[in-house]
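**Student:** Residues per chain, in single letters:
4 protein chains.
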Amino acid sequence: MVPDYEVLFEQVTRAVGPVLGGGQVADYIPALARVDPARFGFAVADLATCTCGTGDWKVPFSIQSISKIFTLALVLAVDGDALWNRVGKEPSGAPFNSFAQLERERGIPRNPFVNAGALIVTDRLLTLTGDARTALREFLRAESGNPDVDFDARVAESEQRHGHRNSALAHLLADLGRLDNPVEAVLEHYFWQCSLTMNCRDLARAAGFLARHGLRADHSRLLTRSEAKRVNAVMLIGGTYDAAGEFAHRVGLPAKSGVGGGIVAIIPGRCTLCAWGPALDGHGNSLAAVTALDAFTTLTGWSIF
Amino acid sequence: MVPDYEVLFEQVTRAVGPVLGGGQVADYIPALARVDPARFGFAVADLATCTCGTGDWKVPFSIQSISKIFTLALVLAVDGDALWNRVGKEPSGAPFNSFAQLERERGIPRNPFVNAGALIVTDRLLTLTGDARTALREFLRAESGNPDVDFDARVAESEQRHGHRNSALAHLLADLGRLDNPVEAVLEHYFWQCSLTMNCRDLARAAGFLARHGLRADHSRLLTRSEAKRVNAVMLIGGTYDAAGEFAHRVGLPAKSGVGGGIVAIIPGRCTLCAWGPALDGHGNSLAAVTALDAFTTLTGWSIF
Amino acid sequence: MVPDYEVLFEQVTRAVGPVLGGGQVADYIPALARVDPARFGFAVADLATCTCGTGDWKVPFSIQSISKIFTLALVLAVDGDALWNRVGKEPSGAPFNSFAQLERERGIPRNPFVNAGALIVTDRLLTLTGDARTALREFLRAESGNPDVDFDARVAESEQRHGHRNSALAHLLADLGRLDNPVEAVLEHYFWQCSLTMNCRDLARAAGFLARHGLRADHSRLLTRSEAKRVNAVMLIGGTYDAAGEFAHRVGLPAKSGVGGGIVAIIPGRCTLCAWGPALDGHGNSLAAVTALDAFTTLTGWSIF
Amino acid sequence: MVPDYEVLFEQVTRAVGPVLGGGQVADYIPALARVDPARFGFAVADLATCTCGTGDWKVPFSIQSISKIFTLALVLAVDGDALWNRVGKEPSGAPFNSFAQLERERGIPRNPFVNAGALIVTDRLLTLTGDARTALREFLRAESGNPDVDFDARVAESEQRHGHRNSALAHLLADLGRLDNPVEAVLEHYFWQCSLTMNCRDLARAAGFLARHGLRADHSRLLTRSEAKRVNAVMLIGGTYDAAGEFAHRVGLPAKSGVGGGIVAIIPGRCTLCAWGPALDGHGNSLAAVTALDAFTTLTGWSIF
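Residue numbers (the working numbering), protein chains in the order written: chain A, 8 to 312; chain B, 8 to 312; chain C, 8 to 312; chain D, 8 to 312.
If we strip away everything but chain A, and leave its shape as in the complex, we get:
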């Protein structure tokens, strides 16, 4: 049964109202700090990529870590299970632990969504494609149906200038023998991927292959049914930083968030959601987007649990 989306969107928007003043916009780079914290967008894409939305759902924002699901999918499509020898699929544990864990576990990051894991995946995509950036952009343009999807050079450069933490992780991975490409090349591609600019509509569409059990927008197969299921499992366990349990508790869907304020969530076999609000909670997840997804799943009863 398809719900009345207009009514639903109104209710979701009302639920989000009270939290719009709270949280903190990411301010470690100027390009993110400048975004208006009162923005809010929400979009739903069904399996046929028929998309509807509300609010600022067509306003582009920096997708940041949401890019990690797409690089992961592109590498998995080629490497299959072999990728899981380079990166784990377990929860990340505590955030203050990222270097500690990486050291103790000899450079096998906990999962592909912690930064170290994403660096490993980027390194692999770089090896497979020679040009990870272009491969990713073409994929997103095709899936979203929007040929204007692109990087934001200012964001990428800002990230690079302020990215000491990611540089530290990349050097540590190199020290442990886990990178095939030079540290500088991996970091550059990583920062560019994070700088991709998309809106809720495009993101909901672009992630559709995870709701379609691995089929791309043109119904060609990107991932096997089993691989698609596995990406969703990893998203549930590690897609929202160290708040995975809390998020699964409240929303009950596999999802991936970014510090640009976006969250993509999957209802396998049914649809894809994307919510956006720039202000973040203490875990780095968008306050408005979590609230919207919570309201939406409560109202529809759609949950995987």
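Keep in mind that the hints were calculated from the coordinates and are not lab data.
Any given hint could turn out to be false.
Cβ-Cβ distance ranges computed for the label pairs, FRET-style [as the list claims (entries may be wrong)]:
no., chain 1, residue 1, chain 2, residue 2, range
1, B, Q18, A, D225, 32 to 40 Å
2, B, Q31, A, P154, 51 to 59 Å
3, D, E112, A, T307, 45 to 53 Å
4, A, G137, B, Q31, 40 to 48 Å
In this text, a Cβ means the ideal position worked out from N, Cα and C, and glycines have one as well.
Fit chains B, C and D to the given chain A structure using the hints.
**Tutor:** Same frame as chain A, but now just chains B, C and D:
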């Protein structure tokens, strides 16, 4: 569409065959060490507790940590969300970390399924009922429809004698001011709960309330829809020790395992599964039970992802 | 050259004045909480146990962890280097780490002065003597020349009632197979040892064997020269909880502190010092005693560095 | 009483014989890997820099981390106690912990001898001098009396190429706001300092200010008596990587080792020692040098304890 269970069970049993010789039966107490490692049982209970099964599905075994989902449900039914102030709902991180995490997080265990978290839940059930053991046994008899479900005194006593690790955790919790009852009382109830003896059929039935979104076997409400969803979310994230990611990856269902070799898994809105095989893999999960659940979900395509 | 102790004591006492109002008396058991925080005593014993002192140097106090140097010496005298297979001689690292380290290092405590290490030493002394308490008391009576040195039963019982943390450590050690005696027996002896009541004069004398390179008060040999040197090395590295570096920096002497407010310090080949003031700094070391030892070493220029 | 050095050296050399075949020469850069593992040198410099030695005591080697005591002294001479706000003076804890500790302690390294701490000191020396390298070289030439002391450009470049771990630490420090100079500049100076090439004779002389309570070779004051004592205290606690306790136990002297196989040790008020042997034990300390220092202190009875 209901599958042909007879065919399914045959295929599942065939898939389990090759692993029956592997793994290690838990041997820290004599009562567990004596169990025949070649045993294998599998049961499915639909929402109406209509149950079918195969192999040793009516042979009782020690449910051990599977008891944790039932004590959790009984406490949640009374305390509701207040319980989550005493115990978290995040993944447990690494196994070598249990004391470290507990210390750092000031006695708020990561989730109700790590031993420290289960001690907290037991302490609370003890406060709420005055006799946690009897409350739990009566609940399980009612849900399973089997009035003979009972504790195994020898197992309970063995656990107590060899339970230095749990004693250490309980004393640490007491030191951090997290227990309302005396350490000895909490430990005693805890060890008794672990000693419960049930078979696949009874366990599949008893966990039915999690597939029925909170409704008990008699269709009275134990948990709200939202609370039931949350228990499933915590099971997915912390139900199979430190292999939660791997299990979600392979099986894709909320589940709880015990060192007695049993695993209960939930397909919300559809059915409950219980698999049993005494020999364990390196994470403490039954090798045969994981294999059986993997085969079953692959064959049916039933997964939450 | 022997300094004019009267002048020295006056200067040390003046230096201590300003800190006498600060710090916190240990209050986890009533017997310690009741002590007057304004007390201050200081004693020096030369190699011939000729002792002089100032202030409350003859007022008895609870020696607590200072007892650890004596149990260590008694076990070393019999076991020699074999003891170092059971307990390490490295610094303890961070305080929030005690359980973590013990787990990671499989029950070999960092050194004999962390609580876990002292439990190991007590367990060993219990095995060697059958009655660790009496052995320790007789040793202290003989070395101090005071036949009235004794335990304080009220303190011992209080410790036991509030000793969840030590109970947790002992059970963890038992779980890791590191104790030869029952947990309860080890804990009981441990708590009794901590309850020993002595004054600065007696303690300075009793530790004299460490300044005499292993010779007891009657000049019989307790430890080899090399063993005595090693105990001093471990004291420097682990004798003042997690402030060993800071203490070595300020005072520059091997020393052992207790939460009763006492600190014993050794100047090998010259003399033994004992300072006492009940109020503790944030690391659990006596504020007045550290200040006094700092002043004393600065004034005399006596330091091992 | 001055011992007969000729006899002593013979005994020390005999003691070292059996270990000369063991251990591993550091091989992470080619320049170190090429050194003959059978080399052994030993030198003693008295307070007047009158130096005698044996074996390969005039053969230059890469001083590596021994350089850390000299950069520390140069910074302390200007900054005094203010330096201890940037870097701690406590033991380093476990080696697998370096990143973990740095993160948890917000970029205040445990002590100036762990790599992160040395990077902080180098950053400071760079700010104070504008050219940390030249300042350090001139100091070492003056103290050793050898105007040929110099860097080895090949070693410095090799270090830089293989220094991912140090790069990771420096970026992490920068991320935590602990560096005043650009990461690249700090790293470059750091790698150059490590590449200094000196022999036992020069090193024993150059460290003489620590035996002379802060006075340089020309008897001008570099450090106050108290500061010199403190450097010795930090050396005892952190000078030999994670084997500080073991080393204090065996040798009982403040010392600093380097992966080039050298160890400098101080007997305050008496003399300075330098031992060299390229093959390292599991902690990264020279097997031959530790053995030589152990024999020397046992034979002479010279120890601070």
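**Student:** For every hint, state whether the structure bears it out.
**Tutor:** Hints and how they fare:
no.	hint	verdict
1	B:Q18 <-> A:D225: 32 to 40 Å	holds, 34 Å
2	B:Q31 <-> A:P154: 51 to 59 Å	holds, 57 Å
3	D:E112 <-> A:T307: 45 to 53 Å	holds, 47 Å
4	A:G137 <-> B:Q31: 40 to 48 Å	holds, 47 Å
Every hint, counting from the list given before, is met by this structure.
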